[in-house]
Each structure stands twice: as C-alpha cells, then as structure tokens.
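K.L.:
Residue numbers (my numbering), protein chains in the order written: chain S, 1 to 219; chain V, 1001 to 1291.
Keep in mind the hints are simulated off the structure, nothing from the lab.
Hints are supplied without guarantee of correctness; some may be wrong.
Unchecked claim - BS3-like mimics (lysine-lysine), calculated; alpha carbons at most 27 Å apart, straight line:
id, chain 1, residue 1, chain 2, residue 2
1, S, LYS205, S, LYS188
2, V, LYS1043, S, LYS101
3, V, LYS1043, S, LYS188
4, S, LYS2, S, LYS205
To be verified - Here are the computed distance ranges between Cβ atoms for each label pair:
id, chain 1, residue 1, chain 2, residue 2, range
5, V, ASP1164, S, ILE116, 31 to 41 Å
6, V, GLY1224, S, ASP38, 28 to 38 Å
7, V, ASP1054, S, VAL81, 22 to 32 Å
8, V, THR1039, S, LEU149, 19 to 29 Å
9, S, ILE116, V, ARG1086, 35 to 45 Å
10, S, LEU89, V, LEU1017, 19 to 29 Å
11, V, ARG1288, S, LEU208, 31 to 41 Å
12, V, ARG1128, S, ARG41, 21 to 31 Å
13, V, THR1039, S, ILE116, 47 to 57 Å
14, V, GLU1111, S, GLU211, 34 to 44 Å
15, V, LYS1034, S, ALA129, 21 to 31 Å
Said to hold, decoys possible - Cβ-to-Cβ under 10 Å is the rule here; a few derived chain V residues that face chain S:
id, residue
16, ARG1012
17, VAL1015
18, ALA1047
19, GLY1100
20, ALA1121
21, PRO1137
22, TYR1158
23, GLY1232
24, SER1256
25, GLY1260
26, ILE1275
Note that the Cβ used here is the ideal one computed from N, Cα and C, for glycine as well.
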Amino acid sequence: MKRRFPLLLVLIFGILGIVPYYIPHATYQNFDNAMRNDFLRILSAFAIILGLVSLMRVHQDKIKRKRENWQYSYVLIIGFVISGIIGLLGGVEGELFLPTKIAGIQFDIQTLYLNIIVPLGSTMFALLAFFMASAAYRAFRARSIESSLLLAASFVIMIGVLPLADRISTHLPSFAQWIMDIPNVAAKRGITFGIALGGIATSLKIILGIERSWLGGKE
Amino acid sequence: MKIIEYLSTLDRRIVYLVLATAVMLPLVIPSVQKVRVMTPVAKLFNAVDTIPNDKILIVNIDYDPQTLPEMEPMGVAVLRHAFERRIKVAVLSLYVQPLGLAKKALDQVTEEFNQRANSVADSIIYGRDYVFLGWQPPPIVPLLGMGISISNVYTRDYYGYRTDSLPMMRRIKNFNDVGILVSLSGATAPLWWIAYSQTRFGVAVGAGVTAVSASEFYQYYQTGQFSGLMIGMKGAAEYEELVESRLQLRDRRRASEALGSLTAAHLTMIVFIIIGNVGFLIRRRRDRRSQ
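Just need the whole structure built from these sequences, with the hints factored in.
P.N.:
Quick look at the structure:
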C-alpha cells in the first residue's frame, strides 16, 4: 500500500492533467480550473512550508555534525530568521507594524533585496565572463575542420551582434542573424524533437507506473 | 616566435585583468551606440504598438539579479513604449525572486512619465493605466488559469487591492482581452507561456531572453509562436532605438550605453582566442617538423 498509493495518485492526476486538452466541454473545463486554481494552490502552499522546514533541518544537521563548510549554515539560518521577521512583521516595503527605518537607515525587504541580493547575484554571474574568457583562450582551438567551423561561426556571431559589425560590412549582422535563424534552428529543432519524444515516453512510463525510480528505495 | 609563444601561454590573471579593463573603461564614460534594428525586435515592437484599445499588454518579468543588467533595459523599454502609447499594462512574475525587480522597473518608468506630466490625464496612474499583479505559485496556475479568469487567479494584486476592483481590470476577463504577453526571462519562462497558455488559449507571446540562451528560442520565433524576440543587450538596445526614433522618447538608454563595454569584451575575447590559436598552430607545426 505504501508504494501503491503514490502510484495510484500519479496515475489519476497524470490523466487529469492530460484530459482537459481533449475535452473542451464547459463542465470538465470548470472542474479542471477548480482543481488547478484551488487544490494545486493549497498543495503548493504546503510544499513551500515543507521546503522551508526541510531547509532548516538540513542546515541544523550540518552544524550539528560539523560537515564541510558548516559555518556558512549559520549565515543562512541567521539570514533566514532576520528576513523572516522583517518580512512577516514589517512587510515588503515597511507597511506593517514593525519599524523598518531607524536613524534614517531603511531595512525593509525591498531595500535589503535591492542592496544585498541584487549586487551579490550580479557579481556572481559577472564572474562567469572571466572564466569564459580564460577557458576560451585555453581550450577553443581549431584542431579539426569541425572545430574550425565552430570557431568561425562564433566569431561571426560575436562580431555580428556588435554595433561595430555594420561598419565592417552591412552584410555581417544579416549573416550572423542567418546563422542563428537557419543552421542553429535546424540543429535545435532536431534536439527539441528528441527531448520532447523522450519526455512524453518518460511521462507515460511514470503515469502508468512502469518507471518507479522516483519513489526511491529498491525497485 | 617567442612573443607568440609567451602570449599563447599567458597566466589567467593577466587574461582577467585585461578583460576587466576592457569591460570597465567604456562604462566610465558611457556613450549611446547606434544599432541596426533586426527583424525579430522590429516585429515585437510592432506587435506591442498595434495592441487594440480594448486589450492590454501583459509584461511577465521573470529575470533575477544574475541577469538584471541584460534584462532590465528590455523591461524598461517595453514599459516606456506601452505607457507612451497609452496601452494598459499588467505586470506579473511567475516566481517570487523577480518581484522586487519588476517593482523597481515599474517604479522607475512611472516616475519618469509622472515627472513630465502636466495633468492627471497625462500621468501614469496605478489601477487606471497599469496594475502589478504580483506572484501566484505554482507557475502552472497563472499559465493556465488566466485563460479562464485573471481576477480569479490574482484575486488580490501585489499591494493587496482586490484585482476586480481596479478600474483597468473591470473589463479585463482573460487572455481574450490580452493583446500580447511579453515574457522577459533569463530562463525558460517564455517557452511555458507558449506550451501552456498559447497552445490552449491562443494568446500572442513575445519574448526577451539572455544572449547565452538565445539559441533555444529561435525555433519558436521561426514558427511564429513568438510574435517577436529580443536577444540580450543588443536586443534591448534595438528596442530602445525604436522607442527613441519612433516615439521621440529621450530617456536614458542603459542597453545602448552598455554596448561599448560589450564590444570591448567581445573583441578582447576574440583577440585572446586568436592568440591562443596562433600559438597552438605554431607549436603543432614545430612538433610535426621535429617528428
């Protein structure tokens, strides 16, 4: 029963997700809408709580067992508690009862987000440019005809998207666009068809209970 | 030969330093770079420009801080376009993280317009000209639910007002009242709007995406599933160009200013790749001769 019940749930809700595309009747569409709008939202709210509790438990455990980089778990827990208190009691923009401005210093959620999360996130992503430049310099080599073609195409695209390209040749941006529109789309479409067919096959296997690895444990 | 060999085995810290200098210098004195507008962006601009009076524009802002510099100019340009044309706008996010950035873009553009306004009629007013619907988890709920009723999915907006009480939303029921939905995302959100909302309810979708993920989206543009496409900083700069040239709006163009930095970064990378390859070819030839 422990394994059959989740399989039954997946079968029922998997079919319920597919059927509305084929039955346009108002009664069924209303049922589908109610399931998605009410039932799914309630489930999602529980999933968020479950996720937060699980996150806390994982990091508490990490601190308790002094696992690798356990010190950072303190940063996460402290950040979580502080932003939770400010958000729940002070509101996103300080509209609730907890004061979020002391001595001219504002610390509501929106201010913290724009002044801590945004610069940190942008900085982390910006570092990618340096790693990409270094990796391209060391590894992007014309070793064969295929890699030479890739190199040539990348140069055309890299220059073609710049304002400078028009000054080199008015055909260069159009050629870069052509590479993206035709050879790129041809390759991508083939890959997409493969992924879509694979996705359909895997989904059917999960819905019909053939693929059970998601249940965990032994088969 | 020794110079070439030295250049082809540079320490990575030198590569970092040269790239950092190339990226930062053009940002010290920003200047607007003129760009040629390509068809995907022109199509998106025209799709927004021709929204009928009885329909609204939905802007789905789903970029996060990581992709903010590339994506925010797109959001700002689209909002400027819509507000200048007096197109009603509804802004939403599928995830919670981009909400703060959506609000930032909205605040910036409404402030720009309201500073220039001479009367209430000229101003951009919340509830009359635009609404901020906020976020409703999980994403599948708005993706499909808005095809039946927008105010049932977003019963309250970001600020807590009842959505159906806002003047603009009184005549807006579902996707039938939407001219086009423009999804700006550093991930795959635009594809979801096609897979779920367009397939089932036929809503027109336009997209703004990062340059690095662009190849994923062209196939859907080619089939006409995307009404138009903005790709990376260049796409944003092209939209800014259209907003300025067609609507005579002369606000700050951040994407067009950043193109100088983008040019320097691309050229630096190309030079490094060439140097690396010249060194590689020289070494390969020498090895073959010695064999």
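K.L.:
Each hint needs a verdict: does it hold in this structure or not?
P.N.:
Structure-based check of all given hints:
| no. | hint | result |
| --- | --- | --- |
| 1 | S:LYS205 <-> S:LYS188 | 25 Å, holds |
| 2 | V:LYS1043 <-> S:LYS101 | 46 Å, violated |
| 3 | V:LYS1043 <-> S:LYS188 | 22 Å, holds |
| 4 | S:LYS2 <-> S:LYS205 | 19 Å, holds |
| 5 | V:ASP1164 <-> S:ILE116: 31 to 41 Å | 36 Å, holds |
| 6 | V:GLY1224 <-> S:ASP38: 28 to 38 Å | 35 Å, holds |
| 7 | V:ASP1054 <-> S:VAL81: 22 to 32 Å | 49 Å, violated |
| 8 | V:THR1039 <-> S:LEU149: 19 to 29 Å | 25 Å, holds |
| 9 | S:ILE116 <-> V:ARG1086: 35 to 45 Å | 37 Å, holds |
| 10 | S:LEU89 <-> V:LEU1017: 19 to 29 Å | 46 Å, violated |
| 11 | V:ARG1288 <-> S:LEU208: 31 to 41 Å | 58 Å, violated |
| 12 | V:ARG1128 <-> S:ARG41: 21 to 31 Å | 29 Å, holds |
| 13 | V:THR1039 <-> S:ILE116: 47 to 57 Å | 40 Å, violated |
| 14 | V:GLU1111 <-> S:GLU211: 34 to 44 Å | 53 Å, violated |
| 15 | V:LYS1034 <-> S:ALA129: 21 to 31 Å | 24 Å, holds |
| 16 | ARG1012 | 5 Å, holds |
| 17 | VAL1015 | 5 Å, holds |
| 18 | ALA1047 | 18 Å, violated |
| 19 | GLY1100 | 4 Å, holds |
| 20 | ALA1121 | 28 Å, violated |
| 21 | PRO1137 | 5 Å, holds |
| 22 | TYR1158 | 8 Å, holds |
| 23 | GLY1232 | 7 Å, holds |
| 24 | SER1256 | 9 Å, holds |
| 25 | GLY1260 | 9 Å, holds |
| 26 | ILE1275 | 7 Å, holds |
Of the numbered hints given earlier, the model fails hints 2, 7, 10, 11, 13, 14, 18, 20; all others are met.
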